[in-house]
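Protein chains: 2
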Amino acid sequence: MQLSSDPQGGVLSRAGDAASLGRLRQRVEDHADALVAAFYDALLADEEARSFLHHSVVQERLSPSLRRWLVDLFAPGADLAGAAFAARQQKIGEVHARIKIPMHLVMAGAAVLKGRLADALASDPAAFDLLRLAGERIDHALRLMSQSYEKGASNRARLDEAYRLFSLDQDIHFERESQRAGLMEWSQKTLFRILASGGVEGAGALSASPFGLWIRHRADFLFDGSPHLTRLNAAMERIDAELLPRFTPGAASSDLAGPLEALEAAVDEVAFLLNEMFQGLAGMEGGRDPLTRALNRRFLSSILSREIGFANANHTPLSVLLLDVDHFKRINDTHGHPIGDEVLRQVAEAVTENVRPSDFVFRYGGEEFLIVLVETSLRQAATIAERMRQALATKAITASGLEPFHVTVSIGAAEHGGHPDENYLVKEADDALYRAKQNGRNRVEIA
Amino acid sequence: MQLSSDPQGGVLSRAGDAASLGRLRQRVEDHADALVAAFYDALLADEEARSFLHHSVVQERLSPSLRRWLVDLFAPGADLAGAAFAARQQKIGEVHARIKIPMHLVMAGAAVLKGRLADALASDPAAFDLLRLAGERIDHALRLMSQSYEKGASNRARLDEAYRLFSLDQDIHFERESQRAGLMEWSQKTLFRILASGGVEGAGALSASPFGLWIRHRADFLFDGSPHLTRLNAAMERIDAELLPRFTPGAASSDLAGPLEALEAAVDEVAFLLNEMFQGLAGMEGGRDPLTRALNRRFLSSILSREIGFANANHTPLSVLLLDVDHFKRINDTHGHPIGDEVLRQVAEAVTENVRPSDFVFRYGGEEFLIVLVETSLRQAATIAERMRQALATKAITASGLEPFHVTVSIGAAEHGGHPDENYLVKEADDALYRAKQNGRNRVEIA
Numbered sequence: 000m001q002l003s004s005d006p007q008g009g010v011l012s013r014a015g016d017a018a019s020l021g022r023l024r025q026r027v028e029d030h031a032d033a034l035v036a037a038f039y040d041a042l043l044a045d046e047e048a049r050s051f052l053h054h055s056v057v058q059e060r061l062s063p064s065l066r067r068w069l070v071d072l073f074a075p076g077a078d079l080a081g082a083a084f085a086a087r088q089q090k091i092g093e094v095h096a097r098i099k100i101p102m103h104l105v106m107a108g109a110a111v112l113k114g115r116l117a118d119a120l121a122s123d124p125a126a127f128d129l130l131r132l133a134g135e136r137i138d139h140a141l142r143l144m145s146q147s148y149e150k151g152a153s154n155r156a157r158l159d160e161a162y163r164l165f166s167l168d169q170d171i172h173f174e175r176e177s178q179r180a181g182l183m184e185w186s187q188k189t190l191f192r193i194l195a196s197g198g199v200e201g202a203g204a205l206s207a208s209p210f211g212l213w214i215r216h217r218a219d220f221l222f223d224g225s226p227h228l229t230r231l232n233a234a235m236e237r238i239d240a241e242l243l244p245r246f247t248p249g250a251a252s253s254d255l256a257g258p259l260e261a262l263e264a265a266v267d268e269v270a271f272l273l274n275e276m277f278q279g280l281a282g283m284e285g286g287r288d289p290l291t292r293a294l295n296r297r298f299l300s301s302i303l304s305r306e307i308g309f310a311n312a313n314h315t316p317l318s319v320l321l322l323d324v325d326h327f328k329r330i331n332d333t334h335g336h337p338i339g340d341e342v343l344r345q346v347a348e349a350v351t352e353n354v355r356p357s358d359f360v361f362r363y364g365g366e367e368f369l370i371v372l373v374e375t376s377l378r379q380a381a382t383i384a385e386r387m388r389q390a391l392a393t394k395a396i397t398a399s400g401l402e403p404f405h406v407t408v409s410i411g412a413a414e415h416g417g418h419p420d421e422n423y424l425v426k427e428a429d430d431a432l433y434r435a436k437q438n439g440r441n442r443v444e445i446a
Numbered sequence: 000m001q002l003s004s005d006p007q008g009g010v011l012s013r014a015g016d017a018a019s020l021g022r023l024r025q026r027v028e029d030h031a032d033a034l035v036a037a038f039y040d041a042l043l044a045d046e047e048a049r050s051f052l053h054h055s056v057v058q059e060r061l062s063p064s065l066r067r068w069l070v071d072l073f074a075p076g077a078d079l080a081g082a083a084f085a086a087r088q089q090k091i092g093e094v095h096a097r098i099k100i101p102m103h104l105v106m107a108g109a110a111v112l113k114g115r116l117a118d119a120l121a122s123d124p125a126a127f128d129l130l131r132l133a134g135e136r137i138d139h140a141l142r143l144m145s146q147s148y149e150k151g152a153s154n155r156a157r158l159d160e161a162y163r164l165f166s167l168d169q170d171i172h173f174e175r176e177s178q179r180a181g182l183m184e185w186s187q188k189t190l191f192r193i194l195a196s197g198g199v200e201g202a203g204a205l206s207a208s209p210f211g212l213w214i215r216h217r218a219d220f221l222f223d224g225s226p227h228l229t230r231l232n233a234a235m236e237r238i239d240a241e242l243l244p245r246f247t248p249g250a251a252s253s254d255l256a257g258p259l260e261a262l263e264a265a266v267d268e269v270a271f272l273l274n275e276m277f278q279g280l281a282g283m284e285g286g287r288d289p290l291t292r293a294l295n296r297r298f299l300s301s302i303l304s305r306e307i308g309f310a311n312a313n314h315t316p317l318s319v320l321l322l323d324v325d326h327f328k329r330i331n332d333t334h335g336h337p338i339g340d341e342v343l344r345q346v347a348e349a350v351t352e353n354v355r356p357s358d359f360v361f362r363y364g365g366e367e368f369l370i371v372l373v374e375t376s377l378r379q380a381a382t383i384a385e386r387m388r389q390a391l392a393t394k395a396i397t398a399s400g401l402e403p404f405h406v407t408v409s410i411g412a413a414e415h416g417g418h419p420d421e422n423y424l425v426k427e428a429d430d431a432l433y434r435a436k437q438n439g440r441n442r443v444e445i446a
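Line order of the protein sequences matches chains G and C.
For the first sequence, numbering that gives the first Met the number 0 begins at 0 and goes up steadily by one.
For the second sequence, numbering that gives the first Met the number 0 begins at 0 and goes up steadily by one.
No wet-lab data here; the hints were simulated from the structure.
Don't take every hint at face value.
Put simply, identical chains are the same to the list, so a pair is met inside one copy or across any two.
To be verified - For lysine-lysine, the following BS3-like pairs were computed, each having C-alpha atoms within a straight-line distance of at most 27 Å:
#1 K394 / K436
#2 K150 / K426
#3 K328 / K426
#4 K90 / K150
#5 K426 / K99
#6 K99 / K150
Source: prediction; values computed, not measured.
In isolation and in its complexed conformation, chain G is listed as follows (with noise of 0.2 Å):
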């Protein structure tokens, strides 16, 4: 965004007013230090910011960059809409979000910055545009360097998931046996030498073994906010800091029984957990519905946004539906879940067949589907509902032991307005068809 030649009177409208200009620089160098070391103190007060910054480096890199960035902001000659300056703050951004400094902490110092600078400007005749300057100095840096922040995180949290995503699609098999080995490996080293001395020394610790370090390096990335890992993390911090201890070398066999006892549980506890998590990862994954081979809803989002996206630039319709089977707790109450999968199972199955391959078809709720129809418009979407509902309606459903019978479905659609907001659309849609519920079933509703 050009603001700085916005012709109605730009952000950066004060900027060369030299004078003022070099009275600032004078306020800013003055209290440099200070400023510098106010803006730390506050990200250092702060329990995120701590855990990735040292002292030391705040102390021996940090802070002079801070300082010489703050100078040259009010440097007479700076020219702030030129591609230097530009360049300058967009590399700091990057940096940042190498590093994971998040930009609303920078913002958070800067707030600390502004106003300290307030405090140090308020007693000068020329108080107001000096604040007002120094203001939209210090906003234009921001603004630069959060531009390429975003860009430079979005970037870090495709790579970060792409990252977890392949870690899954190794030999889960092959490294859950081979991690319970490691486990097991560590516990049997570990009861040979209190058996041979009634003490532990030479085995290690479990969190130094490498099933320890495995699980402190590698689990989390697979297992990502598993709260399974906290626990097994606890347990292994357990057993190091307060079971081990317990074993004394020449300690009496009598004395050994609790200790072992307890030792045994925490293991056990790991080896369940570790167990537990892989489990989990079965098919946790899965971008389509597994049952009816439909869309996982997780992708809505993404979709949904881009296709309005595509929409308001191409000047294109979109529409969505969504569908519900009709009475469908009564087919599940009446003939059990495995009846009630099967009809899940050849609705979207029909559903399907009723779209182009370039639409998009998602499970969206227990029995509810909604599809994503590009290119279409309202008028179109219903007609292509409407078809929807009479191939169902007259489709013979199929399932073992029952003769075949029919169930209906009721349908809502409704078009992109404009409105960016994709939970809105899809909101449309979902008063529709809570209309065509309330007007008796089996039938289509436009929003």
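Guided by the hints, dock chain C onto chain G, whose structure is given.
The following block gives chain C in isolation, referenced to the frame of chain G:
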């Protein structure tokens, strides 16, 4: 970050001054319409923003929301440190992430708001205080927005990537044949029309055919940013806009020769580009280097930055080795590339045998490998590197048609010293590797 409770005099220090706040609110209300208009004028002047913001949506929905937000920001009872205020700003950030209004555009709009507001305040006797107060409040809201925006945008990027990889994972060969058939089907249908009447009425545009819709709505996920896709879209557009209109009903068959030749060439180009893009997919997305089975370098940043975060948070050591095969070019030149490949494969094997399951081995460059050693000090890293060097120096490389021979490697080792930028650590290992080369090769140097 709880800046509002910052004991050193926080960012919201002036928030309690009721008189200033009332006065500021009055100013904002007086100018609210103009401020809001200036904000959206600036946004809609930006090409990026225009692609997702319709004028009608701005008029009907966004402008009234912004007006309310702005006035509420200076409401006398507003508790900016309170949970309700934060929740509201964070909600806005979430929506922006969903509808892809990047934070830097919001910051650009806010800069326009501040500029206009400053103009309106300039003549006020308390202009300095009011400007400071306005800036503080707007910045505070932006920071809260940014916090949830970053989270939302990162989740969205992860999902987009997951969907892209899922698309790649589908049956690519089936998809290729299916789209090739779609193109040919359109082409032959169009030719039948031309042969029957000389014109193409009823055949429809290629871009509106099932093939065209697939290209427009599926291909960009699959072939993310491929230059072939840009060319294919251009060819498709040319067919629809230039070539088809040349066919007019009742034209003499002699007049058809030129247009037919052009159409055939264009369809051939589309088919060629489609095929090229599908070819390009094969093997491109591997997480591992197909030759050496080492990790693909594109995951280095994800892994190393995560390990640096782990080391900082847990105060554990972390080291990196950079290993280069000595005189590799000579091997390639003397024996040819297949032998060179065999050397790389066997070097990678020896490297992998000398690390633990929790370490990471990357193919870093042509004949370079980068090894991330978790929870490993520089001293331990040097020992591991020396073991690798010896293992390789004594290992006989076997390749068909050649006597077993030996290769040596040079290794640079570096330990993470607290700097949050992973590039810094890699650079240190690289410098050490350079010294190992300078000092005669077949040796380990530490940073």
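The hints, checked one at a time:
Proximity of K394 and K436 under a CA criterion of 27 Å is satisfied intra-copy only: 20 Å inside one chain copy versus 75 Å between copies. With identical chains, the CA atoms of K150 and K426 are at most 27 Å apart between copies only, with a shortest distance of 24 Å across copies and 30 Å within one. With identical chains, the CA atoms of K328 and K426 are at most 27 Å apart within one copy only, with a shortest distance of 23 Å there and 62 Å across copies. Within a single copy, K90 and K150 get their C-alpha atoms as close as 12 Å, and across copies as close as 22 Å, so both meet the 27 Å cut-off.
In the homo-oligomer, the alpha carbons of K426 and K99 lie at most 27 Å apart only across protomers (19 Å), although the nearest pairing inside one protomer, at 36 Å, exceeds that limit. In this assembly of identical chains, the alpha carbons of K99 and K150 lie at most 27 Å apart whether taken from the same copy (13 Å) or from different copies (12 Å).
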